[in-house]
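**Q** First to last, the protein sequences are chains A and B.
With my numbering, letter number 42 in the first sequence gets 42, and the count goes up by one each step, no holes.
With my numbering, letter number 114 in the second sequence gets 114, and the count goes up by one each step, no holes.
Bear in mind the hints are in silico, worked out from the structure with no lab data behind them.
These numbers were taken from a predicted model, which means no experiment stands behind them.
Heads up, a few of these hints could be off.
Said to hold, decoys possible - Below, computed lysine-lysine pairings styled on DSS-like, alpha-carbon distance capped at 30 Å:
#, chain 1, residue 1, chain 2, residue 2
1, B, Lys14, A, Lys272
2, B, Lys49, A, Lys155
3, A, Lys314, B, Lys78
4, B, Lys78, A, Lys5
5, A, Lys317, B, Lys78
6, A, Lys323, B, Lys78
7, A, Lys370, A, Lys14
8, A, Lys193, B, Lys49
9, B, Lys46, A, Lys196
10, A, Lys320, B, Lys78
11, A, Lys193, B, Lys46
12, B, Lys14, A, Lys348
Said to hold, decoys possible - Far from chain A, some chain B residues (derived; all Cβ distances over 10 Å):
#, residue
13, Gly26
14, Pro50
15, Pro56
16, Cys80
17, Ala93
18, Arg102
19, Met111
20, Val146
Note that CB positions come from ideal geometry on N, CA and C, so glycine has one too.
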Amino acid sequence: MQQRKIAMVKQELKDLHELKQLYQPVADEMLVNMGPQHPSTHGVLNFLLVTDGEVMHKAVAHVGYLHRGIEKIGEAVEYNGFVPFTDRVDYLAAMSANQGFAMAVEKLASIQVPERAEYLRVIATELNRIASHLVANGAMAMDIGAFTPFVHWLKEREFVNDLMEELCGARLTYNYIRIGGVAFDCGKELAEKIVKWIDHFEPMVDEFDRLITNNEIFVQRLANVSPISAEEAMSYNLVGPNLRASGVDWDIRRDVPYSVYSKFDFKIPVGKGFRGTVGDCYDRFVLRILEIRESCKILRQALATMPEGEIMAKVPKTIKPPKGEAIARVESARGELFYYVVSDGSSKPLRVKIRAGSFTAMSIIEHLSKGVMIADLVAIIGSLDVVAPEVDR
Amino acid sequence: MSSSTNLTLGQYFKNIQNAALSTLEGMAVTFSWLFRRPITIQWPDKIEKPLEETLPERTRGILEVETRICTGCLACQKACPIDTISIDMERNAETKERFIARFDIDAAKCMYCGLCVDACPTGAIRHTTLFAYATDNIDNLLLSYVDKGEKVTPFRPKDPQPELRARGSIGKNVLERNLKSKN
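Extracted from the complex, chain A is given alone in its bound form (with noise of 0.2 Å):
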């Protein structure tokens, strides 16, 4: 143990070394550590600033502090008991990390989701997805002073989480999406409750404008603050929201039409310059609202167009696809996640592999951080919107 954690010194130190060579740093430039506790970091981060006291020259950001091994686990236990670590992918949209996985073994084992199951998804994914943006756009204006609005955002999260409670009995890992349908079914008093929110919520989004996303200073903190241009957003990957705001119109419930979301009329908002650069932190942060006003369309929408019928595809209790490969993509949140799912015959997976879009969020960072201000980078740590369990996993 104590020479595991010497090593690790070591390897610190050596990239530390290797980064203070690469750069020979010049008068006045030194290195400082951002994280991983860090209020801003949003879990444990770590970046090595290359800085001159005030402008960077370079952030490296350091990732695997909240690794888990999750895609290993995946080969150890059974396809529906991965269900749950699934959840833990994304705490903060555990719906969509739960229906990438679902939809990956349904195509192996080729199960048919009853149709009330899949609008059931829908909702559930809508409402998650909801509750994921506004911890992202409320902890972003925190981040930079802002505080009220986060309470307020937080506030409204706390009802998503009450119907959340209600649906399917947790707060944050739901295990809700189930392979073959989904765990519970959605009553009509809790139709009712969900519509009931919806009508409350959405006179709550002009409120929050008016609040913080029209304000003149909040404005001219992240207008023209490191734009990424569209290019540059799609040679580093970039995906869901992020890449939208740089103006790329890509939405995977739109070009590639999962579950039941080709029936709904929804637009997908794209990143124009709303008060500055295309692409830059304050489209980022106006897309996620719009995004929400769009979800709230959509569930709307399921909710009135909802079937009657099974919620659950009659499903073996141990799930033994056959021999094969599948591949599933789902719009989550924080953009475009992939699963791919490899079956050797038996009970357990031969390999899952997660693909997230906060990890190319993190990779953009170090571009990103050229000639910024120190205090920038929170900002644009915030409007990429990186949870720390999605880049590690």
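For this one, chain A is given, so just place chain B on it according to the hints.
**A** Here is chain B on its own, set in the frame of chain A:
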């Protein structure tokens, strides 16, 4: 920032006015919350009913086992992906009757996914709405639903349904006993 360069005097004052007005508007929103009903509650002191009773039916709190209808089929033990549940089935050497000698649930390890509840054929293992069980000794969270030395005969589905205890009462008893004896 880039916007601060090349400004005419008029734009400069307009910016200041915008900043002041939009800040005041935000303040107005905050101010309006003085007259709305607060949504915070003072748990656990100032609430009418204990929160455990007002939580939704599906809330997944700590697991409890109604041993009167447990068939000893070990389905829950197999369904658990992290080996939270440990059951010992033993056989009486003379009468060849099976009995449950141990039924432990490690509440400290449990991740409340509910897979065991789905697997149970009789509904013997179930979630309660209990959630507040902070303790300074992790051993207190090992919930034994079959006492040491106790021999519980498994329930046969053909048998008449015994009287069931209320949801939450069994888990509460075990927890309270743990907290009393080991602390």
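**Q** Each hint: holds or not?
**A** We went through each hint and held it up to the structure:
no. : hint               : result
1   : B:Lys14 / A:Lys272 : holds, 24 Å
2   : B:Lys49 / A:Lys155 : holds, 22 Å
3   : A:Lys314 / B:Lys78 : holds, 20 Å
4   : B:Lys78 / A:Lys5   : violated, 37 Å
5   : A:Lys317 / B:Lys78 : holds, 11 Å
6   : A:Lys323 / B:Lys78 : holds, 23 Å
7   : A:Lys370 / A:Lys14 : holds, 23 Å
8   : A:Lys193 / B:Lys49 : holds, 22 Å
9   : B:Lys46 / A:Lys196 : holds, 27 Å
10  : A:Lys320 / B:Lys78 : holds, 16 Å
11  : A:Lys193 / B:Lys46 : holds, 26 Å
12  : B:Lys14 / A:Lys348 : violated, 65 Å
13  : Gly26              : violated, 5 Å
14  : Pro50              : holds, 16 Å
15  : Pro56              : violated, 4 Å
16  : Cys80              : violated, 8 Å
17  : Ala93              : holds, 33 Å
18  : Arg102             : holds, 22 Å
19  : Met111             : violated, 6 Å
20  : Val146             : holds, 25 Å
The structure fails to meet hints 4, 12, 13, 15, 16 and 19 from the earlier list, while all remaining hints are met.
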